[in-house]
Structure formats: structure tokens, C-alpha cells
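There are 2 protein chains.
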Amino acid sequence: MNLPDPIKNFIHHFSKLPSIGPRQATRLAFHVIGSGKDEIDGIIKSLEGLEGMSICEKCFFVFLPQDKDDKLCEICRDKKRNSKLIAIVEKETDLISIEKTNKFNGNYFIIGSLQKNGVLGSEQKRRLEKLKAVIEKELGGQADEIVIATNPTTYGDFNAAILGKELKDLAKKITRLGRGIPTGGEIEFADEDTLGQALERRN
Amino acid sequence: MNLPDPIKNFIHHFSKLPSIGPRQATRLAFHVIGSGKDEIDGIIKSLEGLEGMSICEKCFFVFLPQDKDDKLCEICRDKKRNSKLIAIVEKETDLISIEKTNKFNGNYFIIGSLQKNGVLGSEQKRRLEKLKAVIEKELGGQADEIVIATNPTTYGDFNAAILGKELKDLAKKITRLGRGIPTGGEIEFADEDTLGQALERRN
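Residue numbers (this note's numbering), protein chains in the order written: chain E, 318 to 520; chain L, 318 to 520.
Hint data in this document are derived by calculation from the structure and do not stem from the laboratory. Quantities reported herein were computed from a predicted structural model and do not represent experimental measurements. Be a bit skeptical, because a hint or two may be false.
One copy or any two copies: either way a pair holds, since identical chains are not told apart in the list.
Unchecked claim - Quick list of in silico lysine-lysine cross-link-like pairs, DSS-like style, CA-CA up to 27 Å:
# : residue 1 : residue 2
1 : K333      : K490
2 : K454      : K489
3 : K397      : K325
4 : K385      : K325
5 : K385      : K485
6 : K388      : K325
Isolated chain E, as found in the complex:
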């Protein structure tokens, strides 16, 4: 049977989202229709809200600009934080997990999802150039420390090595999170204590 165009269009857009396939998107379409106009309007408004968010020019984290000239996220704007200490993370949720430990007072840099083939993607290369430019311009060419906070997995280690090589002249010290986190696990799922330990024991 032929699905009506509005459903096909919904499936088209939602099955492009991470972890949502065409089958789940189909089920979502029927669920959303059944949930009624008010609920759909709520979902639409929540999406419109996201359109007001910006991406930080310096670290690529998202933030809600207070006026149109805001280019930096709250963390990068915070003068009390140590901008000479930079943690490179793959994704926003990793940053959030690290922030929750209250044990890191540096800045962040979101490199984006790393590939598994040992080569940096074009988006990662573009962002890395940005990081290099920031270190050059704002830190006189050298950070005190760069923590490469990729997942402690085979691919995370592999990508950390690549990033370490790229950045070796741009930091006095390049570290990784201490292996308090079980090897093979993921940063996002570590409890706050384990992640805090890993920060303290970075080496």
C-alpha cells in the first residue's frame, strides 16, 4: 500500500537522524499523528527553539546567544576558566559528562565524531585548523596542556595518536584521560566518580 505523502515526508526526515531507521520513523509518524495537534505543536516549537542556538566559533559547543554578536559559548567566555588547558572531545555529550565531574576548569574543543579508519574526516581537519589558529593567536603558539579525551577504545586510542601527532608542537604537554574508565567503555556512560578519577590521574 502507498503511504500518504505527509507520512513519507516525515519518514524521509526522521530516518536521517542518528539511531532512527525507516521502521522506527514509520512508527513515530503514527504515534505523533495519534498524539494530537497540541503535542505536535509542542514538538514543532521545541525544534524552532533549537534554531535559536548557535555553535561556538572557538570550541564548537552549542550555546544560546544573548545577542546577535555572541560568538562564544559560556565556557569559552568564562574568564575564570583556564584557557591554556584544552580538552578535546568527540561530541557534546562527552563535554557534558566531563563538566558534571566539576574537576575540569579548562576549555573544551569538540572535534566531532571520529572515523574508524585512522584518517581524519574533512570536518575534523577543518576544526583542527581552527584549534591550531586559536592556540597560535590566543596562546602565543602553545597551550599548557591538551587533554585528548577520546574514548578509551581501540579507535579512540588510534585517533588520539593521530591528534597527538598533529598537535605535538602546540602544547607543553599532551595527555589522555587516566584509565580509571574501564578500557572498551565509553565516556558518555561512565559514572561521575570514575570520570573524575580519570581526570585526576590523566597522564
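For this one, chain E is given, so just place chain L on it according to the hints.
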């Protein structure tokens, strides 16, 4: 750290959707922000499209009304279909799977997700009253056959027994899908041949 309100609001709405938890909703928020205004607008338009869909007064399937007086879906409106033969399914995706076999020429009735405790929910009761009223009014009190097409699982069997009891005086024959479908499986995932066989061998 405190997430910006637009992200919290997005998580609030999206984590209410089936199979999406708060963690996946958080990741979706960052993904959506990163995908840019055009993509967000596309998603919003696809949701607005769903607002134009209606739910059939007779069988509870969704349809796109051609004018505002349309109350019935295409299947219920189709005079060539046998309205005295009714398949009760849990969800829209089950209906779609059965339609794809091209072996069923009756009408459908979507009862909604059944509970696992052997009691019909209030929504199911409401819908069942609707079905009884339709059989009373349009079929003179008795359908030729009602196929109770719940999943061939323990709970599906259990709910089928409850529905069968409720409907026993309203159909000459009450059947279930033939067990060509592996017991313990789900209708939605059956291939079209298996499901077609199950329709032919219903008993």
C-alpha cells in the same frame, strides 16, 4: 552543567516518543542543531504535514482527508472491499504489513497497543465499543468473520482470547492468523510470504 532551555525543551518533547530516551533525545538535539536551519525547517515542515492527517472514525487508521468532510480512510471508503470481514490489529504498521500481502480484502480495525496484564485499557475499551456499534449499525449486528490479528505471542494469544470473548456474538466466525508465522515473533517483522500463508490458513 545546566543545559540551555531550548535543548531541555527539545529533550522533554522527544524523550516522550516511543523508543527514544532522554539520552538519545540529548544526542538528537546536538545533531539537529549541527544539521543547520534548512534541515530543521524540513523536519518542522514534515511535522506540520502530519497535522493535516486524520484518524478514520471507523477503523482508527490514519488518512489524508481530501476535504474536511472526509471521516473515513481509503480502505473503509473502498466499496470493493468486503466490510463484513474485519481484521483487528494492534497497530498501523501491522495493517501495512497485512496490506502488503495483497491477500486480504476485508476491512481493518486498529485496537491500539494491548497491555500485558490481561485487561483491556480504557482506550481499547473505547475503541471496542466503536467496533461493536459499527457492526450493529452497518452489518445488522453480525460480521461474517473477525480475524483477531494480534501477535502470536503469549500476550497476543491472551489478548486475542479477551477480544474473542467480547466479540463472540458479533461475528459468524472468529479466527486468528494461521501459525505460519513463527510463534514468539512479531507481525511487523514477518516477510510478506509468511504473512500471506498465515492469512490463507487462518482458522
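Status of each hint after checking the structure:
In this homomeric assembly, K333 and K490 never come within 27 Å of each other (Cα to Cα): the closest approach is 40 Å inside a single copy and 44 Å across copies. Taking identical chains as interchangeable, the C-alpha atoms of K454 and K489 lie at most 27 Å apart only when both belong to the same chain, with a minimum of 16 Å there against 83 Å between chains. With identical chains, the CA atoms of K397 and K325 are at most 27 Å apart between copies only, with a shortest distance of 26 Å across copies and 50 Å within one. In the homo-oligomer, the alpha carbons of K385 and K325 lie at most 27 Å apart only across protomers (22 Å), although the nearest pairing inside one protomer, at 36 Å, exceeds that limit.
When the C-alpha separation of K385 and K485 is checked against a cutoff of 27 Å, the pair qualifies neither within a copy, at 36 Å, nor between copies, at 67 Å. For the homomeric pair K388 and K325, the shortest alpha-carbon distance between copies (21 Å) is at most 27 Å, but the shortest distance inside one copy (37 Å) is not.
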